[in-house]
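Peer 1: Each chain is listed here by its residues.
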Amino acid sequence: MEPSLASYLALSGILFTIGAAGVIFKRNAIGMFMCIELMLNAVNLTFVAFSRYYADVTGQLFVFMVMSVAAAEAAVGLGIIIAFFRNRESVDVDDASILKN
Amino acid sequence: MATSALFFIFAGLAIACALSMVYHRNPLYSAISLIGVFVSLSCIYVSLAAPFIAAVQILIYAGAIMVLVIFVIMLLNLDEEVALDRLRYLYAVGGGLGLILLIQTFFIFYAVMRAPQQTVDQAETVGKTLSIGQAMFTEYLLPVEIVGVLLLMAIIGGVVMVRRLSQPQLEKLVEEELTRRNEQDEVGDYRISF
Chain A
0 MEPSLASYLA LSGILFTIGA AGVIFKRNAI GMFMCIELML NAVNLTFVAF
50 SRYYADVTGQ LFVFMVMSVA AAEAAVGLGI IIAFFRNRES VDVDDASILK
100 N
Chain B
0 MATSALFFIF AGLAIACALS MVYHRNPLYS AISLIGVFVS LSCIYVSLAA
50 PFIAAVQILI YAGAIMVLVI FVIMLLNLDE EVALDRLRYL YAVGGGLGLI
100 LLIQTFFIFY AVMRAPQQTV DQAETVGKTL SIGQAMFTEY LLPVEIVGVL
150 LLMAIIGGVV MVRRLSQPQL EKLVEEELTR RNEQDEVGDY RISF
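Going down the list, the sequences are from chains A and B.
Residue numbers are given in numbering that gives the first Met the number 0: position 14 of the first sequence equals residue 13, and the series is strictly consecutive.
Residue numbers are given in numbering that gives the first Met the number 0: position 13 of the second sequence equals residue 12, and the series is strictly consecutive.
Pulled out of the complex, with its shape left as it was, chain A reads as follows (with noise of 0.2 Å):
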């Protein structure tokens, strides 16, 4: 006996969850970052839950464009992380706040 889909789906939206409050909870660049992926992560169990169960390749295939954009985030995003901290000794997103002023 295979879970339902309904259970796929739950699982999935509990770690979006947990991702998002992360965002907010978090101070740190990095912290917010890998929260970041975690919510990508969640949406790609549910296109590949909704592919098993319709048997349709396509949620498959945008998994893998899923990846390829969190792998192009990866790389620009720490580019902007050590260009932060070169210039700031920290990588604290309350000490982003040039435009506050």
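Mixed in with the good hints there might be a few duds.
To be verified - Away from chain A, derived, C-beta distances all over 12 Å, residues of chain B:
no., residue
1, ILE107
2, GLN166
3, PRO167
4, LEU169
5, LYS171
6, GLU175
7, GLU176
8, ARG180
9, GLN183
Said to hold, decoys possible - Covered by chain B, per the in silico footprint, the following chain A stretches (three or more residues, Cβ under 8 Å):
no., stretch
10, 13 to 26
11, 50 to 64
12, 75 to 82
These are calculated hints, taken from the structure and not from any lab test.
Predicted, not measured: the structure shown is a model, and the values here were computed from it.
All C-beta atoms, glycine included, are put in the ideal place defined by N, C-alpha and C.
Following the hints, complete the assembly by docking chain B onto the known chain A.
Peer 2: What follows is chain B alone, placed relative to chain A:
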């Protein structure tokens, strides 16, 4: 039955690792917990008959992206983040928003549960690498090419973002290097013709 048991084991592991990622203040502990989430999700993909996605999950997420993240954490030598009292209200905001999101998602699952059950064809070969490759290079060729251009842009963006020199300094350096190479070429030509 075995699939169900495996699903609940790995679902519990994924949720526990995700909670530990948000809970820990040390970024390195968070990163290692996130790798645990990726590995358990990969096991769930195997039980969903998607071996290609499971392999790519380990290769790209656990292998490439998390190595990059841990590399940056080590490079910047980050400390644990300190709790600030003035940001205490953010915990309430985050918890409230998370709760609303969770209620919304469970409402959707309730709707899915009430819909007629989909039956799974066990002999289906949808997750095989062959069918994914066929779809990727016939029907979805344009999105794949767009993703290729996106990755090229990300490479260039990453290089531009982390360079140390300003634009005039960089141009001067490139010019010096080019003249040095030209001089070397002339010396080489002379030796060959002699």
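Peer 1: Let me make sure I understand: some of the numbered hints might not hold for this structure. Which ones are they, in numerical order?
Peer 2: 1
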